[in-house]
Structures are given as C-alpha cells and as structure tokens.
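Enquirer: Sequence:
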Amino acid sequence: MALSRGGAAGIAAGAAVLGGLLLFATAAPTSLVDAPAYEIDESLAGEVTSGTTPALSPFYDVADWQPGPPGTLVRAEPIDGAPDGMRLFRILYQSTDLQGNAIPVTGLYAVPAGDPPPGGFPLVGFGHGTTGIGQACGMSQAPLDDDTPSRSNFVPHIEPLVEQGWAVVASDYSGMGAPGPASYLVGPLEGRGILDSMRAVQSPAPEIGSVAIDTTKMGVYGKSQGGEAVLSAMELAPTYAPDLDIAGGVSLAPGFTPALQGVLDAVASNPTSTSQNMFVLLIARSYAENYPQYTNLDEILSDVGKEKMAILDQYCGGDLADRVVDVPLSELLNTPVASGLVTALGEAMPGSTPLEMPAIIVQGLEDTTILPQFTHAQVLSRCALGDTVFYVRYPFDDHPSLNYQARLNQPSVIDWMEAQWAGEPAPDNCANQLLGTTNVAAGVGR
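Numbering (this note's numbering), first residue to last: 30 to 475.
Possibly wrong hints are sitting among the right ones.
Here are the computed distance ranges between Cβ atoms for each label pair [said to hold, decoys possible]:
# : residue 1 : residue 2 : range
1 : Pro235    : Ala295    : 51 to 57 Å
2 : Val333    : Ser441    : 40 to 46 Å
3 : Ser441    : Pro271    : 28 to 34 Å
If you are wondering where the hints come from, they were derived from the structure by calculation, not from laboratory data.
Ideal placement from N, C-alpha and C gives every residue a C-beta, glycine not left out.
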C-alpha cells in the first residue's frame with residue numbers, strides 16, 4: 030500500500046517517539062557532535078533566571094485599537110537603557126487568529142545602532158521559549174530587568190544576534206501583551222504572530238525611524254516553545270506570508286508534543302511533580318480556547334488542574350512554575366488524555382506540511398525539559414516529508430547550555446543562517462536520520 034507524504038510523516042513520528050531511546054542508544058558515537066557540554070558563565074546566572082513577573086505598562090492598553098490588515102504596524106515606543114550598540118522598541122501590530130479575525134499582538138524589536146550595511150540589516154523573526162500565557166509574560170515587557178522571563182530569552186538569544194549585526198523582532202505571541210487568545214504551542218497562531226511581526230517592522234514609524242532591512246536576508250530562529258513556533262511559521266509562510274522571502278530557520282530543542290494517545294497517556298500518568306506541570310496547564314488552557322470544536326477544560330483537566338487556571342493569568346516564568354509544582358502531574362490531568370486534545374494537537378503541531386525552505390534542528394541529549402526522542406520524532410516527520418533538514422545533537426548538553434553551544438560551537442547556527450543568505454546549498458542529513466544516525470559537524474572525524 031502506498032503512503033501519502035503526510036501518512037509517512039505520521040508513522041515516522043510515532044516510530045521515533047516509541048523507539049526513540051533505542052535509536053539514540055544504537056546510533057554510532059560519531060553521529061553526534063563530539064563537543065564537551067557548554068559551561069555557562071556564572072556571572073550571567075543572575076541575569077538568565079525568570080522568577081519575577083513584571084508589571085504591565087500602559088503600552089499594552091488596546092482600548093483604541095481598530096482591526097487592520099495583518100502585518101500592519103500600529104504603534105511603537107523606544108525602550109530606555111538598551112545595551113551599547115543596539116536600539117530596542119516595543120511594537121503593537123496586526124495579526125490574525127485561527128478564524129482569520131484581526132487581533133492585536135505585541136513584540137520586541139531590537140536593531141543594531143548605527144548605519145546599516147549596504148542593502149540593510151538582515152531580519153530574523155525570533156520565537157521565544159516558554160514564559161507563560163499571561164499579558165505580562167511576553168518578550169517586550171521587561172527585557173532589561175533581571176530575573177524576568179523576557180530577560181531570560183534576551184540574554185542568550187536576542188542580544189548576541191543583534192551583536193552579530195542582525196535586526197531581530199520577537200513576537201510576544203497572541204495574548205501575551207495585548208489581550209487575545211492564549212497561544213501556547215498552538216503552532217498556527219504563534220506562526221502568524223512571528224510572520225506578521227516581520228512584516229510590521231518593515232514599515233517606517235516615527236518612534237523607530239527608518240531602519241533599512243535587507244529583504245533578501247530574512248530567517249526565523251527559536252528555542253523550545255519558540256523552536257516549535259518557528260517550524261510552524263516556516264510551514265505557514267508560503268501561503269500566509271508569501272511576501273516574506275525567508276531563507277531558512279533555526280529550531281533549538283523544539284517544543285514538539287506528539288499527537289499520540291499512548292505517549293500522552295504515559296506523560297499524564299507521571300506520579301511526580303516536574304517542570305512539565307506548567308507546560309500541560311498552558312497547553313490545556315490554550316487548546317481549550319482555540320479548539321472548542323474538539324475539547325474543553327472539563328475533558329482535559331481534573332478538578333485540581335482546573336483550580337490552577339486562574340494562576341496562569343497572574344504569573345510568568347519561574348514565578349508561575351513554582352506555583353504549580355505542589356501536586357504530581359498525574360493529579361492535574363484526566364487519564365486517558367482527552368481524545369479531542371490529541372486530535373487538536375495533530376492539527377496544530379508542525380510536522381505534516383512540507384517546508385519550502387531548509388531548517389537546522391539542534392538538540393542536547395541531556396535535556397530533560399524537551400525530551401530528545403520528541404525532537405527526533407519531529408526530525409523524522411520532516412525528513413519523511415522530503416524537507417531539507419540538518420540535524421545536530423550534542424550528547425552532553427541540557428536545555429540551558431544548548432542556547433550557547435548551538436551558536437558558539439561548530440556547526441554554528443549563525444554560520445548556517447548566513448550561508449543560506451549567501452545562497453550556499455543547505456546541508457541535509459536526512460538519509461542518516463532514517464537509519465538512526467546523524468552525520469554532521471565539519472571537523473569531527475567520521
């Protein structure tokens with residue numbers, strides 16, 4: 030029997046998740062990037078935590094907002110105290126919900142100071158990692174304040190990308206700044222937010238001035254939740270934003286949740302309290318809001334889980350995580366997991382639509398936040414679709430250290446992106462993924 034590309038991708042994903050640990054155990058040692066774990070400078074430790082929920086400023090009041098075409102910049106304001114060599118702005122722009130209705134979304138725009146190179150600055154749409162779903166939880170609220178969720182994304186990602194000479198726009202995602210539907214791991218909603226932010230900053234604004242953007246050098250870059258979001262943006266771009274010439278995307282430890290009943294039931298039965306507590310509550314709220322035709326909170330959550338819902342609007346980052354780890358994960362969710370949620374995940378998660386641009390996907394095998402076998406499943410899905418994927422695995426890195434390892438070690442995601450802008454052929458190691466091995470990394474013996 031012949032399989033459709035989508036069917037092949039689904040089978041590949043299921044095989045990868047269910048047999049993921051075996052695949053990792055049997056892969057040849059040289060299939061990994063043979064680099065020591067990246068050690069984070071302890072002097073940054075106080076800057077990359079996220080235990081404080083910031084206050085919401087008047088910028089996020091949208092009482093006077095009127096609907097408009099997606100990608101339209103509504104207003105902006107400068108953020109004082111930007112690091113030397115860059116300018117920072119909050120932006121409010123138009124996007125759309127899953128039904129195509131106009132919604133206001135906010136974001137952070139970071140540009141190098143000084144004159145742009147000939148042709149303008151390259152532009153990257155950044156997808157941030159998990160910070161919550163509340164209005165105070167986005168990237169633009171307090172990127173310069175220590176111990177905030179936005180700071181924890183700004184220091185390891187946005188700041189070094191701007192230092193590289195790139196303009197970076199980071200969507201807060203829907204509901205995380207301006208009011209709107211909760212968007213956690215709802216790929217089509219996050220993807221719209223990223224693409225429309227890239228459109229919005231190409232419009233001149235009095236608060237920003239004229240920033241020259243090189244529209245031949247655009248890409249997307251994300252970590253964790255943002256890694257999933259940029260893959261969704263890449264799937265959407267050809268139809269939703271064909272005006273954006275996106276050369277490729279960087280996805281670090283993407284927050285992929287497989288739509289497999291058995292796998293989700295196993296996760297939901299965890300008798301311990303983990304970082305996954307916050308994730309599943311955010312998923313439950315976001316999917317109940319965006320996919321009411323499939324599921325609702327009563328189906329997904331236990332009474333204990335539903336009691337936690339009010340907390341999601343009030344707190345962000347570590348401040349939120351600390352308030353939902355007081356019970357085992359198994360006491361938050363109904364089991365078996367609601368079949369409607371599984372259906373909705375299958376519709377929202379990236380991995381069923383072929384990409385028209387290349388991707389580099391990077392994973393640390395010591396990561397306990399984003400499980401390596403889930404990333405392997407996403408890679409197998411992409412490869413089964415015929416995508417051009419370069420998959421890099423670091424055997425000794427965890428979730429935080431990957432932020433730095435992926436940029437500073439070879440193969441560097443920075444070098445990969447700039448090679449795409451230069452028109453070089455994108456590397457592809459999909460043939461080895463399907464055998465459970467990864468042949469990557471220039472300079473590593475094979």
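Enquirer: Against this structure, judge whether each hint is valid.
Expert: Now for the hints, and whether the structure bears them out:
1. Pro235 to Ala295: 51 to 57 Å: About 54 Å separates the Cβ atoms of Pro235 and Ala295, which means 51 to 57 Å holds.
2. Val333 to Ser441: 40 to 46 Å: holds (45 Å)
3. Ser441 to Pro271: 28 to 34 Å: At 30 Å between Cβs, range holds.
Comparing the model with each earlier hint shows no violations; every hint is respected.
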